[in-house]
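J.: Now for the letters of each chain:
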Amino acid sequence: MNLLYSDIEDQLRSSVRDLLTARAQPSAILARCESEQPHDLELWRTLAGEVGVSALHVPEELGGQGASAREVAVVLEELGRSVAPVPFLGSAVLATTALLGVEPTGPARELLDALGTGGSVAALAISLATMPGSPFPSGVEATGDGLRGAVRAVADAAAADVLVVPAVGPDGPALHVVPVAQAGVVVTPAVSLDLTRPIADISFDGATSTPLPGAAESALDSALWTATALLASEQVGLAEWCLTTTVAYLKDRHQFGRPVGSFQALKHRLADLFGELALARASARHAADSVGGEDARVSALLANSLCSEVAVHAAEECVQLHGGIGMTWEHPAHLYLKRAKADQIALGTPGRLRALLAPLVDLPGPR
Amino acid sequence: MNLLYSDIEDQLRSSVRDLLTARAQPSAILARCESEQPHDLELWRTLAGEVGVSALHVPEELGGQGASAREVAVVLEELGRSVAPVPFLGSAVLATTALLGVEPTGPARELLDALGTGGSVAALAISLATMPGSPFPSGVEATGDGLRGAVRAVADAAAADVLVVPAVGPDGPALHVVPVAQAGVVVTPAVSLDLTRPIADISFDGATSTPLPGAAESALDSALWTATALLASEQVGLAEWCLTTTVAYLKDRHQFGRPVGSFQALKHRLADLFGELALARASARHAADSVGGEDARVSALLANSLCSEVAVHAAEECVQLHGGIGMTWEHPAHLYLKRAKADQIALGTPGRLRALLAPLVDLPGPR
Amino acid sequence: MNAETLRERAREFLSKNDPSGMDRLDFLRARFDAGLAWVHFPEGLGGFGAARELQTVVEAELEAAGAPDNDPRRIGIGLGMAAPTILAFGTDEQKQRLLRPLWTGEEVWCQLFSEPGAGSDLAAAGTRAVREGDGWRVTGQKVWTSSAHTARWGILLARTDPDLPKHAGLSYFVLDMTDPGVEVRPLRQITGEAEFNEVFMTQAWVPDSNRLGEVGEGWRVAQTTLMNERIAIGGRPTPREGGMVGAVAGTWRANPDRRTPELHDRLVDLWVRAEALRLAGIRLRQQLAVGSPGPEGSAMKLTFARLAQELSGFEVELLAEDGLRYDDWTLRRPDLVDFNGREAGYRYLRAKGNSIEGGTSEVLRNIIAERVLGLPAEPRVDTKVPWKDLPR
Amino acid sequence: MNAETLRERAREFLSKNDPSGMDRLDFLRARFDAGLAWVHFPEGLGGFGAARELQTVVEAELEAAGAPDNDPRRIGIGLGMAAPTILAFGTDEQKQRLLRPLWTGEEVWCQLFSEPGAGSDLAAAGTRAVREGDGWRVTGQKVWTSSAHTARWGILLARTDPDLPKHAGLSYFVLDMTDPGVEVRPLRQITGEAEFNEVFMTQAWVPDSNRLGEVGEGWRVAQTTLMNERIAIGGRPTPREGGMVGAVAGTWRANPDRRTPELHDRLVDLWVRAEALRLAGIRLRQQLAVGSPGPEGSAMKLTFARLAQELSGFEVELLAEDGLRYDDWTLRRPDLVDFNGREAGYRYLRAKGNSIEGGTSEVLRNIIAERVLGLPAEPRVDTKVPWKDLPR
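Those protein sequences? They're chains A, X, F and Y, same order as listed.
For the first sequence, the numbering used here gives the first residue as 1, with consecutive numbering after it.
For the second sequence, the numbering used here gives the first residue as 1, with consecutive numbering after it.
For the third sequence, the numbering used here gives the first residue as 1, with consecutive numbering after it.
For the fourth sequence, the numbering used here gives the first residue as 1, with consecutive numbering after it.
Bound conformation, chain A alone (with noise of 0.2 Å):
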């Protein structure tokens, strides 16, 4: 068990960072957000293209960068340290992950060259709010005249140019590659909470598609398991930045003729966050060391359930000590509000993932 950051994994950080620093500032993403593209395409493809975050833990073999999921987490923690609306959780997390559960020949292995580059950006067709070990959706159909069917609140499909839908067919669950660009899908983005990771709404009405050999069951399993993990990561990203903010501005805002920052109260409330954010952070790197291995399950749970409870609370203490201005819409405080609640919901949230950690680790509950 390795709790810390190596230094390639330092070394991935700061170009990660310093991309988000020069393209993701906060007025560019506020002002993003109500447009017709509220995804920041050019910048995904720059940090898929140049950085190449888009395929770190496929394989080598497989023309990714043979990392594991930990690096995924890194930048995982940046993302939700700068919530840059790019589909990173939608492309190479849920996506990719789903793809490298099936045979990763012919459309898979197609698929998964075309997202490492960036040159296509893809969505897995579940929604957001699914639980790790769900049953296999069931809202797709694949028939002899195409797919037919819908699903909500997919994260990240209004980006997408492909989609990687779980359907059942008459051989059983698959797991489909579907091209965006046709007359049988019909994406409807949502009105979302959160605005820099815009859900849709996808309807397939007689869509072509390529179903992928394969275990579309455990494929969809592991990423939807891997994506638990990991978005602790983002979640503690997101904390430490409503931290780290609020810090700043209350050294620096004075009331009553002191820093506000020099009030006792606001202090105990932020020393409780610092020791929140320490339990959350070994949990997520905890929780991304052990993707794939014996405790990732437990690890996967404990470290989501904990994360979304410190993100959100984080979050809502960086609006309540910024005051006024934290309420107001050109301050980026809400940003970081919304992804925090939306990622409480995603993937179960916390009460509904404890229950599920209960049994594993021989808490049962009442007869």
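Calculated from the structure, these hints are not laboratory results.
Model, not experiment: these values are computed from the prediction.
Backbone N, C-alpha and C define an ideal beta-carbon position, used for all residues, glycine too.
Please note: incorrect hints may appear among the correct ones.
[Said to hold, decoys possible] Using C-beta positions, here's what the derived DEER-type ranges look like:
#: 1; chain 1: X; residue 1: Thr244; chain 2: Y; residue 2: Asp134; range: 37 to 43 Å
#: 2; chain 1: X; residue 1: Thr244; chain 2: F; residue 2: Thr383; range: 25 to 31 Å
#: 3; chain 1: F; residue 1: Glu321; chain 2: A; residue 2: Glu217; range: 19 to 25 Å
#: 4; chain 1: X; residue 1: Ser27; chain 2: A; residue 2: Ala248; range: 49 to 55 Å
#: 5; chain 1: F; residue 1: Asp71; chain 2: X; residue 2: Thr244; range: 53 to 59 Å
#: 6; chain 1: F; residue 1: Pro186; chain 2: A; residue 2: Asn2; range: 37 to 43 Å
#: 7; chain 1: Y; residue 1: Val385; chain 2: F; residue 2: Thr150; range: 53 to 59 Å
#: 8; chain 1: Y; residue 1: Thr383; chain 2: F; residue 2: Thr383; range: 43 to 49 Å
#: 9; chain 1: F; residue 1: Asp163; chain 2: A; residue 2: Ala248; range: 46 to 52 Å
#: 10; chain 1: A; residue 1: Leu41; chain 2: F; residue 2: Gly216; range: 55 to 61 Å
#: 11; chain 1: Y; residue 1: Glu53; chain 2: F; residue 2: Glu321; range: 36 to 42 Å
[As the list claims (entries may be wrong)] According to the in silico footprint, chain Y covers these stretches of chain X (three or more CB under 8 Å from chain Y):
#: 12; segment: 1–10
#: 13; segment: 248–258
#: 14; segment: 313–321
Let chain A serve as the given structure and place chains X, F and Y on it in line with the hints.
T.: Quick look at chains X, F and Y alone, frame taken from chain A:
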């Protein structure tokens, strides 16, 4: 709905408070609580005989004061404030209310008279942890050879010379009057978390008893619901003592050249506690005002679950904010902490009471 | 003056002024002139010095007769804050000129206290009023001003002497919002809408006759305004589940499939505290009715804000997938805040303001600790220094 | 000096000193003299200036050979606090005289810092040391002194000049606990037992040769002691469920009939946080191992205390009727605190001390806020005034 204190209630409060101030100082309580006789029966006789607290809600035609549960609640507030070791809950609330629920003639009437003067002390032989609405207990059986069976954790039993015992016989459930001074009754004081309202275990081995005619089940039910409603007032009194005492201490105590009570973090915690206490008091008054009325169960569960939490929180803050001195045996804070924690369990823990409340207010649980 | 006399007076007024056959404004003006506007105000100013509680008698009679009201929520700042301040500190001329159109709603009022640099610390306000002839030139910025875009008048706290300590250098004015030196811009919030405004004053003109209280007495005057604000907030009785808890309980009942054991206990706990808060409000009003308001009132807003935030956060979690949605981000300018007219996400975001607006929860805790519990103040570093020398 | 050399040195020592055939104390003394007591201490004082981490190599060798240890929990204050302070500030004579019997456990140490009037504010200590000839007469009262009744020596913070500001007027001494002017009384706690003592000093004699550091330098010396106390606390690695959470989870598993949905979610939440705290501890040790301890360590004790209190409070609620009982109120003087050796009620009460002892949670929050987060200090009123003029 009247949530205020009437003039008569204020007078009653001040009589009780004056007596307790004179006779139940913390040092005296501390000295007594590890002795052979932890209950202060002399004080109890004065409270019962002179102030008349032990037959408050007994109708005048039955020799009582003809007051309502509201006045009983006011006495409980004062007893909570002083944690005086008198058998009010066991004798004047639980046993007396149970007796009022059966036919108040013959032995029941005689016992009510004796309890009212303080000439006798009773305990209701049920576990203090029994929840309102629980089924009639089956631990004691009325046989041709007297009562047989056992009850654990009976409040104030060690102070009682007579027990009111729910027992099931060939004719069904009944309340029995059982003198303690007989070979068939063994009262064993337990080592109690709450030093000022110790519990005892009782075993019956052929005990002679007088069964009381009347509806035993509803009488016991009424005793439990009434006690649930009224114990909230004890918790309010206790919480108020904790807040007041802590505030006074922090005004006086100096550290870093300042009164400790001038430190903002502590001020905010005490302000929060004050806010909780306002809710607790309103709900406790409401519960006392509602006893026997339409909203009685909802208001009892609401008040008891809420006041349990508030009292424990207040006692825990009292210990913590007193710093080292609050951790010592010689300071009375621990007596309140122990009472608060025991009260949290008494008649059901807050979570268990909330589960009882939910269906009554149309908040059904998961299917 | 007892309830019976008052009831007769209301009936007599109604017999002469039939609301069904009268222009609304004429009726309201006549009601004001008859002393039935606010009976505890002095004669000639819409009342006749009766006990405040008796107002309910008038309202009952007029409501029964189908009389129009003065739309009190729309003009709440005028009624709740400006009017008591004008009454306490205004000259006779000011009272005569301002109170009648305020009460009838012909002139809407707004409050110009908060500034970007003076939020919790209102007494640090830096908007400058500089004497010029028989009036003042005002320059500065105010923020969180509701109704500024519809208001005719603003009650304004401005600095008239920066060389004095901060509390001593303030004065209190009535600002004509139609003055060319006043610009109002909507201030968008995290909900997407703009309930509030920013107000920019550039050499705006205020005649000295629009000053309330003496020069340098502004802080004392403002205290009257703020005290009345606190009385006004959270005063209305509600039925069980009348507030946000009703919306959340409704969502719970409508969504059996989303319930979990964890959410169940949390909801019942929130329900318990919401109901206890409601009971505490009833208790407070019962205390007021017998003339001895308890100190608990000061904690009500604190608890209200916390509960609103917990309840709305809970609701979003309960909704799970649907909690990822929002109803509408369009920049709107609502007249009134209505939690129940919008969806869970809106409630969640809007409730964040409850612990900021009208005094932050942090300031309220200070007030409770010091004024109610009597805990000592912190060492102050800002009360004796000239305002201009304070760090900011 | 690398691990291999050290291992050889340990083996060589063992070849000459067979633990199975030697008196325990002789063995420990020999180990000290061989520089294998604490390898990072200087030569001649039980070590030879090796890297601190290498100590584990020695321990492994000695443990494998069945060597007796020096019962570190019994003499923790000496090892963790007195020794580093003596090393940093002691004279050569003091080091030679004191460190060996400290390490072997022949002489137990206690810490005499806290006073009834100086708890969080240790620098306000009022125990007076008055110069008399070649020594000092000490009068005052200390409190919360563990091991005082078994200790030979106490590290003592005392006021040598009340006319100076509080931090400047302190000096640091080694007090002979067998001096006739020293009286030790057990201090009973809310658990019923007496882990700690009160120590009353009445004209107790301390030769000036038992002073550590310069006169007036006591606060700086004490900082070294306290810093080492913080390092010592919460440092041990534990397996999953190794702490109090294990006891509570055990109670849960053993009591299926007492489980409720509400308690279930609370327990899993507590379990999650306890496990995360354990992971944070592992992470901290990994940081230490690579030489860059993170600031998170300062928050560990805070979180530990809160969790211990929540867990134990939960357990009492879970037990319901059995939570009304206590195991034993008898006044006892335990050598060590063991949560798992007692019942739920004891754990509940004892855990209350976790947020007091070794620095209250309130003081720790100040430290985190100021030293880790860099938030500004509060205005101080006590640092420049002569100690004798401070309000108390």
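J.: Provide an ascending list of the numbers of those earlier hints which the structure does not satisfy.
T.: 1, 5, 6, 8, 9, 11, 12
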